[in-house]
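Chemist: Two chains, each in its own frame: build the complex with the hints.
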Amino acid sequence: MHEMSLAESVVQIAEETARSHGATRISLVLVEVGRLAGVEIEALRFCFDAASRESLAAGARLVVEQPDGQAWCMPCSETVPLSSLADPCPRCGSHQLQVTGGNELKVREVEIH
Amino acid sequence: MCTTCGCGTDHVHIDGVGHPLARAELAPLTGGEKFAAIASPQATGHLGVHAHGTPASRIIQVERDLLAANDSWAKLNRERFSAHSTLCLNLVSSPGSGKTSLLVKTVAQIAGQRPVGVIEGDQQTSNDADRIRATGVAAVQVNTGKGCHLEAPMVARALDSLPLAPGGVLFIENVGNLVCPALFDLGEAHKVAILSVTEGEDKPLKYPDMFRAADLLLLNKVDLLPFLDFDVDLCEANARRVNPDIEVLRISARSGEGFDAWLAWIEQHIPALSAATGAKGDEAAP
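Same order as they appear, the protein sequences are chains A and B.
Count the first sequence with the working numbering and you get residues 1 to 113, in order.
Count the second sequence with the working numbering and you get residues 114 to 399, in order.
Hints were generated in silico from the structure; no laboratory data involved.
Hints are supplied without guarantee of correctness; some may be wrong.
Unchecked claim - Just so you have them, the derived chain B footprint on chain A, three or more residues with Cβ under 8 Å: (1) 2 to 8; (2) 76 to 86; (3) 102 to 108.
We put the CB at the ideal spot given by N, CA and C, even for glycine.
Next comes chain B alone, as it looks inside the complex (with noise of 0.2 Å):
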């Protein structure tokens, strides 16, 4: 529909939900949305933006949130992580930076000492799902159809076929796209950026809003670094320009390195078990 990108209106398909999701269905508002001002609108007869109106019309002022149906959703699954004392990670990345490579080697290596998920996010195919499933893990492949990014209730549906067990990892791997999926919460603790080494320095600047929203970046593929003129030094320094607080963890899913730090980054940030855990959910770990 767009003639920019392509993205559009789609149907949503995800695994376990026996056909395509139109928005309406898919996202309804929860009830539960904060919206910024006024719960009841006031019918009021100010606008100040043109001379405007006939007799017959009226200015209602609305105050609302145009995010605040999918943080509604996020808030939702967040308890829902809570309860199950699941640590869960949103990895947000360009196409192509070895997110899914990276991510079916942390996987094989967490599953047998923790409780491992994975929701894949893609337009099309299930292709990623297909890789993590191999490794043994289950996984839930969302396909977005021409949508750029996960939005929460696909999250929220995705996890009703992805029984949450108490103390394990839950991985989402969004749809690669650098630019939306930083404005959509999806209920996740982290996001996790990751930018490999056969990309430019300046992605940071370029893409400020996606590396201010993670609290991790990943820097993939650093077994390539001798055969390129990348400034590792210059890429973290541009990393932290945007975002101060960001952690930068050197890795290579393909020869290993950096992986120990990795493992024990998310060791560390696994909720600690609640007595609650594995319970109805109703009840949040502390």
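For reference, chain A alone in the conformation it holds in the complex (with noise of 0.2 Å):
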């Protein structure tokens, strides 16, 4: 449950982006957490209401963005899709995989008042 530490980084770093534009209410945070991030969306969602409370991003809306998952084969050469770290290469079958997307996590978008 480290869900609860992202969704306060998640409001430490709205609330400073606000603060820095002058502004005094946020109403919307879109964040970007990859499917293979291993974050429990609906336990961030809730955990971002109970980090944002008595904060500027009090009542804000959480919209998430969840890429999928990507690794580049070693023994094809090319990027492949991966639903999970424990998944072999769905072409070869190869656990010879570099992660290359799906573990995304940071604040891309902050909407202020």
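Modeler: Right, here's the structure in full:
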């Protein structure tokens, strides 16, 4: 349940952004959480609601984009889709995979007032 | 606060720090954060998510990594370890894998030969730090309250009351949890995962993030194998499925089996002493 720490980081970053622009309220936060990032989205939403209380982001909508997982397969020498870190390459069955996408964890945009 | 596992925004207690620390005090941004794209956020007009925005609202592009603050602290910790030629190992496992027993036996064997320190992470109690101190080794307890993992700024604060002598080893025993600690870099040289043979062979497949993040897997309690149906080879194969490069050592904190190999592994990974060692800590070892 590291979602609480992540939610606190989301609020911290959103508040700093708002303050640096002289805003008094945040109505929307857009985050990118890759499908391989090991984050439970519903838990993140729940924690965001809790962590944003009494902050500028209280009541803000949390919009989550979830990029698909992908990896570079060394034997195939190409990028392949990956739905879990425990999965082999869907083409050749190898586990010699370097994750290249789907592990994103960032705040992309904030709507301020 | 969280109804799923009870984790929350509780205060953190660290030995040597007089008062409980709230998050903002514990983990302010260090100023060295590397953010993904835009250093100074620009006002822009596209979000592409929904029709939004009152005339008074603005969309600010941020592009900041959620772990940037933690990673920035981890970098500072790593520089500190490097400057003192200290090997830092982050021990991670489920609760009950025998992590503390293994650590007690390990520090007792190293202590006569090299400087050793321990940072103990638990939600509550100083029981584990007390067990370490009973061996004569310095230990700092960090109680995370309802937090389920250690974060880099907690380690930074703990280090303030744990002097590093050159050429030594610092063990960080993370909170018993195979999920959350995988994501948080503490500045360690290596994560060492501990899995006991009284658990399931398929744990590496169930918790792939942790076994991918680890460089070494210690299979503990192997003295119990005659009484169990645990398939050690299958477990090792599962670990290599999620992390082909992981090293595996079979060990028993109770019988001492496998300790020679574990101690040799530690010895191999201790950084060479540099000329700057013991100095102020601003010159990194090679």
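Chemist: With reference to the structure, classify each hint as holding or not holding.
Modeler: Outcome of the hint check:
no. : hint       : result
1   : 2 to 8     : holds (count 6)
2   : 76 to 86   : holds (count 3)
3   : 102 to 108 : holds (count 4)
Hint violations for this structure: none, all hints satisfied.
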